[in-house]
Amino acid sequence: MALVIPTNTASLDAQKTLTRNTASLNKSFARLSSGFRINTAADDAAGLAISESMKAQIRSYTIAERNANEAISMTQTAEAALGSMHDILGRMRELAIQSSNGSMTATDRGYLDTEFTALKEEMGRIQGSSKFNGKLLVSTAGESITFQVGLDNTASDQITLTFGGLSLTTLLAASTNVAGATSGSALGSIGRIDQAIGIISTERAKYGAAMNRLDVTTSSIQTMRVNLSAANSRIRDVDVAEETSQMARNQVLSQAGVSVLSQANQLPQMAMQLLQG
Numbered sequence: 009m010a011l012v013i014p015t016n017t018a019s020l021d022a023q024k025t026l027t028r029n030t031a032s033l034n035k036s037f038a039r040l041s042s043g044f045r046i047n048t049a050a051d052d053a054a055g056l057a058i059s060e061s062m063k064a065q066i067r068s069y070t071i072a073e074r075n076a077n078e079a080i081s082m083t084q085t086a087e088a089a090l091g092s093m094h095d096i097l098g099r100m101r102e103l104a105i106q107s108s109n110g111s112m113t114a115t116d117r118g119y120l121d122t123e124f125t126a127l128k129e130e131m132g133r134i135q136g137s138s139k140f141n142g143k144l145l146v147s148t149a150g151e152s153i154t155f156q157v158g159l160d161n162t163a164s165d166q167i168t169l170t171f172g173g174l175s176l177t178t179l180l181a182a183s184t185n186v187a188g189a190t191s192g193s194a195l196g197s198i199g200r201i202d203q204a205i206g207i208i209s210t211e212r213a214k215y216g217a218a219m220n221r222l223d224v225t226t227s228s229i230q231t232m233r234v235n236l237s238a239a240n241s242r243i244r245d246v247d248v249a250e251e252t253s254q255m256a257r258n259q260v261l262s263q264a265g266v267s268v269l270s271q272a273n274q275l276p277q278m279a280m281q282l283l284q285g
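As numbered in this note's numbering, residues 9 to 285 make up the sequence shown, in order.
Possibly wrong hints are sitting among the right ones.
What the hints assert, rightly or not - As a list, the in silico DMTMM-like pairs of lysine to aspartate or glutamate whose alpha-carbon atoms are at most 25 Å apart: (1) Lys63 to Glu73; (2) Lys214 to Glu151; (3) Lys214 to Glu87.
The hints are simulated quantities; they were obtained by calculation from the structure and are not laboratory data.
Construct the entire structure; sequences and hints are all you get.
And the structure:
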């Protein structure tokens, strides 16, 4: 082997190889410590772009699911309020039936009317106080609320529900009381109470259908998010077994490179010894 003093090419080659192996080893360390195959654009520019797009969609689906769950909570709250109103109307009908009995006196009907009137007032209170995040749910005035349950600004990405619009005030005001000298006023209240019960039943059915639809929507969103997460994992996450094997190989090569470099650096000294000898 020729001994060249000015340029130690063997050392330069050993340094280049050691630098490359060390860089590969550091990359393996970064991948295993982070759990990602792609940590920078230099690792895989196209893969990083696809992965970041998927991550944005995954986060968006998480918010969309939260919106759908909020819609479910809102409809459940409205349906619960309507359930209480159903119970009240049922009791009001009982009082009307009881008051319409011919054996009742005007005084007896007056006692029943006290509860009847209180129940009507409670119906009004529920309508005016049942809210979700400040929005009235079962009031006389109706309000349409749109929930964003998709990723884009299209009709298929939104669900609109109408809350309120219950025309009960006039209907119940007409059933003034169940008092009186005869059973006539009580009998007149029964039909109007039945109409109110029908209105409430229709609203509860509407909210029940909305909750079932939102349950399906939530399940669909969850499926999309899981599938996107799995796809993103295949693109970005590191194969631990493969990377561990690669790391072990790079460690051996780096250690060998250090030894070779040390020996290559001794070649000029050997040339100097010949000159001195």
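A quick look at each hint next to the structure:
Simply put, Lys63 and Glu73 have alpha-carbon atoms about 15 Å apart, close enough for the 25 Å limit, and the pair holds. Taking the CA atoms of Lys214 and Glu151, the gap is about 15 Å. The hint holds against a cut of 25 Å. A hinted pair counts as satisfied when its Cα atoms are at most 25 Å apart, and Lys214 with Glu87 qualifies at roughly 9 Å.
When held up to the earlier numbered hints, the structure conflicts with none and fits them all.
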